[in-house]
Structures are given as structure tokens and as C-alpha cells.
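Student: Here the protein sequences come in this chain order: E and U.
Read in the working numbering, the first sequence has 60 at position 60, and its numbers run on one by one without any break.
Read in the working numbering, the second sequence has 16 at position 16, and its numbers run on one by one without any break.
Where hints are given, some of them may not hold.
[As the list claims (entries may be wrong)] Partial selection, computed: residues in chain E whose CB lies under 7 angstroms from chain U:
hint : residue
1    : K42
2    : G43
3    : P44
4    : F46
5    : Y96
6    : N97
7    : K98
8    : F101
9    : G102
10   : A103
Hints in this document: simulated from the structure, not taken from any laboratory.
All C-beta atoms in this analysis are idealised placements derived from N, C-alpha and C, irrespective of residue type, glycine included.
This is what each chain is made of:
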Amino acid sequence: EDQVTQSPEALRLQEGESSSLNCSYTVSGLRGLFWYRQDPGKGPEFLFTLYSAGEEKEKERLKATLTKKESFLHITAPKPEDSATYLCAVRSSGGYNKLIFGAGTRLAVHP
Amino acid sequence: GAGVSQSPSNKVTEKGKDVELRCDPISGHTALYWYRQRLGQGLEFLIYFQGNSAPDKSGLPSDRFSAERTGGSVSTLTIQRTQQEDSAVYLCASSRGGPQETQYFGPGTRLLVL
Chain E
1 EDQVTQSPEA
11 LRLQEGESSS
21 LNCSYTVSGL
31 RGLFWYRQDP
41 GKGPEFLFTL
51 YSAGEEKEKE
61 RLKATLTKKE
71 SFLHITAPKP
81 EDSATYLCAV
91 RSSGGYNKLI
101 FGAGTRLAVH
111 P
Chain U
1 GAGVSQSPSN
11 KVTEKGKDVE
21 LRCDPISGHT
31 ALYWYRQRLG
41 QGLEFLIYFQ
51 GNSAPDKSGL
61 PSDRFSAERT
71 GGSVSTLTIQ
81 RTQQEDSAVY
91 LCASSRGGPQ
101 ETQYFGPGTR
111 LLVL
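Extracted from the complex, chain E is given alone in its bound form (with noise of 0.2 angstroms):
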């Protein structure tokens, strides 16, 4: 069964304190590990879609990278302004129409 875990569940950050999110998958046959960003009341926004092991995509303070088995949301100087929901989800042969979502990161940051 195709399965996504996020950890840690909540991150308590200090302005410019970088730190990184992580999202583990078991899927039958990856066809894409996606993050999105979800602010309180909103719907989940799209940041990064990556394919294949030792792929990385970056948008300005956030990168992220992708093994055979996890995938990291990679935060350089956090601003408060990045406080938000950290959302992974994978698509795998087996499902190929949805996406599977972790429970998300809930991130907060502090000045």
C-alpha cells in the first residue's frame, strides 16, 4: 500500500534558523513527489514536483531533494512569512490518478 509519512509533525523556528522538513514514501513504482505549501483557510499551493532520485528544485529560501526512499524540504533563513503547512504527496503507478498526502508539518517562525 502506497504510504506517506511527514516528520516532524510540528517545527517551532527562530528567524534565520534553517532547518529541514522530511517526508518518507513506500510506493509501487514513484511518479512523482510533490510539495505544497498550506496557509490556515487556504488551499494547498504548489512549490516543487520532482521525478527521480538525486533530483533537487529550489524557490528562493526552500529547496528540496529526493532519494529512493524521502524527500527534503530544505528551509535556508526562514522568515516569519514562511510560517505555514508543509504538504508532500506522491503519485505511484498503482494510483496513477491521485495523489497520496502526508499529514503535512505544520511550520512556524519566529522573529
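Dock chain U against the given chain E, drawing on the hints supplied.
Tutor: Frame of chain E, contents of chain U only:
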């Protein structure tokens, strides 16, 4: 351009009543998806539309849930005889082509069943 829109943004109903949730996808997007997000949990897939047909309904939790899409655009998710466990945020997403394309989400409808 305009993103995915959903209505209503909030819905409070009594147990046993029927509700209809609406989704307007991004213009030109042929694929449409419904997901459910319970408090503190990840999004759960409900149904996928390609055009007006639904080749994947595997996530619908019971026969009280149904969805349709007309004109290859607007979709309606209907929940009959609502139960308290149906309380959740219902999210709609659309993509340009099929599932291989990036899914873009709407703001969701927050459903509370009393």
C-alpha cells in the same frame, strides 16, 4: 488568470440533510479532482474526472457520496444523508491534462455537520 474556485466557502448542516458542493476549475483544465481533508490529517482522494467522465471513483467513501461534471467544466460533489463524520474540508483541484500534470487546488469548502 483565475484559479480554482469553490462554493460555498463554509457550510453548516444538520445530520441527515443533503449538501451540494461546487467547483469551478481553471479555464482549459480538462482534469478535475476532489479530495477530503479531515482535521489534522492528510488529504484523501475522492474522485477524478477527465472531461465529463469519472474514470476513477475509488476514493468515494460510501454510496452517499456522488459527483458529476458537466460541460467539461463545473463539478458538483453531493453528499446525501450527511453524518457527523462527513465534517471536513472538501478540496477541488484541476490540472491541464491528465494526472501526469500538476494539480492546482481551490480554497476548499468547510463542511460542518451538526
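Student: Could you run down the list of hints and mark each one as holding or not?
Tutor: Now for the hints, and whether the structure bears them out:
1. K42: holds, 6 angstroms
2. G43: holds, 4 angstroms
3. P44: holds, 5 angstroms
4. F46: holds, 6 angstroms
5. Y96: At about 5 angstroms, which falls below the 7 angstroms cut-off, the nearest Cβ of chain U leaves the hint on Y96 of chain E intact, so it holds.
6. N97: Nearest chain U Cβ about 4 angstroms off; hint holds.
7. K98: holds, 4 angstroms
8. F101: At 4 angstroms from the nearest chain U Cβ, F101 of chain E passes the 7 angstroms test, so the hint holds.
9. G102: This interface hint holds because 5 angstroms falls under the 7 angstroms limit.
10. A103: Since chain U brings a Cβ to about 5 angstroms from A103 of chain E, closer than 7 angstroms, the hint holds.
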